[in-house]
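J.: So the chains spell out like this:
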Amino acid sequence: MSVLVEATTKVVVQGITGHQGTVHTRQMRAFGTAVVAGVTPGKGGTTVEETPVFDSVREAVEKTGANASCIFVPAPFAKDALLESVDAGIPLAVIVTEHIPFHDMLVMYHYARSRGARIIGPNCPGIAAPGKAKVGIIPNVVFRPGRVGVISRSGTLTYEIVNGIKEHGLGQSTCIGLGGDPVVGTSFVDALPLFEKDPETDLLVLVGEIGGTAEEDAAEYIRHHFTKPVVAYIAGRSAPPGKRMGHAGAIISRGKGTAETKLAALEGAGAKVARFPYEIPDLVAEIARGQARR
Amino acid sequence: MVKLAEWRGKEIFQKYGIPLPKGHVARSAEEAESLVRHGTVPLPCVIKAQVLAGGRGKGGAVKFAATPEEVRAAATSILGLEFKGERVKELLLEEKLALSQELYVSLTLDRSSRLPVLIASGRGGVEIESVDDHEIDRQPIHPFPGLTGYQKRRAAKVLGLSGGRAKSLDRLLDALWKLFNSEDAELVEINPLAVVGDGLVALDAKVIIEDDAAFRHPEYADIRDDRTPLEEIAREKEIAFVQLDGNIGVIANGAGLTMATLDVLSEFGGRPGVFLDLGGTDDPKKVTEAFLLMAQARPSAVFLNIFGGVTRCDTVAKGLVEAMRQVPASERFPLVARIRGNNEAEGVEILRAAGITSIPQLKESAQAVVAAAGGRP
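These protein sequences, in sequence, are chains X and U. In case it helps, the numbering used here puts the first sequence at residues 1 to 294. In case it helps, the numbering used here puts the second sequence at residues 1001 to 1377.
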């Protein structure tokens, strides 16, 4: 049992004929993932990286039994691609595409939810369970199978931190890069219960960023429902006060959204807080040692 | 994000049928005077600086005038202002209305619930941040049914409106909801929304359009936030580039890693100046361009911190070596490099061959660049 993906996960890559689609199909394969199909409208019948390409997701599902989608389709067409994957009955879509308007994401998120499908992203590196499957673009080199779960709003910073855990001689159970866009398909609060009930995860690393209230919401959840140890890091402590999202934005996130409020909330919920990325592996190792002694 | 000046926001309001005072833009005192002399804007009128910052009333950027001479004098004084760092170049002249009440309404996104939210308050005309929570009503709006009748009735009740005024609000909220969606707005705010006779009039307009929707809104392409010339060049090359007042240049990839890098530099007493986010690229030319851009900002030292995913380490190394060849001797800067991740070994080797050492640990590399820039460690 890992989180959301399994060795049996069968991936269809939407936008497989594009440069990123092709490159990451190869990388997902190298990770050991079953990439069973690609979809690019008009390119059906061809192959990319020895993967059959179909004109529609429905065809891909009928012919290959794909049960997860990885979307690389450019932003103006990403909404359509996601709706197509949901309507084809695919329960999990990882959207790597960046710059999707949030008004589109609102429709995508609520539609997927109404059909019982889950979105990870957009603008995210995706999900990986070492030794099982990867749906997305996290570099293969940072992983090593283990018992540390990772959830993050960042991209490359996630790689940095996951790699740090590996270099410390520890490994990961499942790592999810949620993406940092205003509207995400899966938030910390949505991902936390999955790690809570995953028997292969002993402790969780949570990587947040300034802005929004996702980390405060996560702290609230952790305080009441999450029983495993948490190590948290928030990027942007020294960032200059940026351009604010207008007055209405300020009253929605009243008194929240800064690194200080997020760290205080997480610490208050019992998380161990790292001030810098390179402090994370030590904190993780310390907890892991304690767990091993028990 | 594209923040629109009040007059541009009101142009959009007009398109959606949101009631406005009679008004017109002026770019000189002569033009302002002539607008009232010709009756385009009735007297008495209000003259408002077209700047993006709030608090214009208190800051002397809004004046009232009853005669053409007063209009000219007010326009002259406001056009000379530098309001919160922004030079006033445009004025909006509007008829002064006899209003009986000032209200607040806005639509924006609530990230936590992933729903748009309609915010209403009877306490308009002041900064909404200063209004007590219990005097602000928030209604989440689901995108599929959209704004419903009962939600509009509740807003009317909260705002204390009935009869013709409630009907006016009903129409106005429909227009606002349509605008929010069709224009890809992050925020639409009317503060104050004035009660005038039996109807409502939007006295101010704040509209922020989402950048990511630019591909379907070419009409906003010419409106830019304030950027330095270098920031403008970077934008054209699709490199995220921000200029601060420190002296260390940072080139990283990804917003999270960039922020973490700044955090670490600050911890060791470094003052990040320019920071530049390469994003995901596998084109060495883009890396070279980024460095040449950085050189123009004249940093005391530069920290390259890359974790290779989409952007491979060898790509970055090639681009960097080429940039070092192109940067004129007069613009050279001390460089500390740290490249990790995909194709790390190849990248490190390319740098080594060019005499550049990659320091693998974040802490040590950050300390090295602070020292190179003449800071503490």
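For the record, the hints were derived by calculation from the structure and aren't laboratory data. Note that beta-carbon positions come from the ideal geometry of N, C-alpha and C, so glycine has one too. Among these hints, one or two may not hold up.
Straight-line C-alpha distance at most 30 Å; calculated DSBU-like pairs for lysine-lysine [as the list claims (entries may be wrong)]: (1) U/K1286 with U/K1003; (2) U/K1084 with X/K166; (3) X/K272 with U/K1084; (4) X/K10 with X/K43; (5) X/K228 with X/K197; (6) X/K10 with X/K63; (7) X/K197 with X/K132; (8) U/K1058 with U/K1084; (9) U/K1084 with X/K228.
Output of the computed footprint for chain U on chain X, the stretches with three or more beta carbons under 8 Å from beta carbons of chain U [to be verified]: (10) 36-50; (11) 129-139; (12) 157-168; (13) 191-204; (14) 217-224.
J.: Next, verify each hint and record whether it holds.
T.: These are the hints, each one checked on the structure:
| no. | hint | in the structure |
| --- | --- | --- |
| 1 | U/K1286 with U/K1003 | holds (29 Å) |
| 2 | U/K1084 with X/K166 | violated (49 Å) |
| 3 | X/K272 with U/K1084 | violated (41 Å) |
| 4 | X/K10 with X/K43 | holds (20 Å) |
| 5 | X/K228 with X/K197 | holds (10 Å) |
| 6 | X/K10 with X/K63 | holds (12 Å) |
| 7 | X/K197 with X/K132 | holds (18 Å) |
| 8 | U/K1058 with U/K1084 | holds (12 Å) |
| 9 | U/K1084 with X/K228 | violated (48 Å) |
| 10 | 36-50 | violated (count 0) |
| 11 | 129-139 | holds (count 3) |
| 12 | 157-168 | holds (count 5) |
| 13 | 191-204 | violated (count 0) |
| 14 | 217-224 | violated (count 1) |
In the structure shown, a violation is registered for the earlier hints numbered 2, 3, 9, 10, 13, 14, in ascending order.
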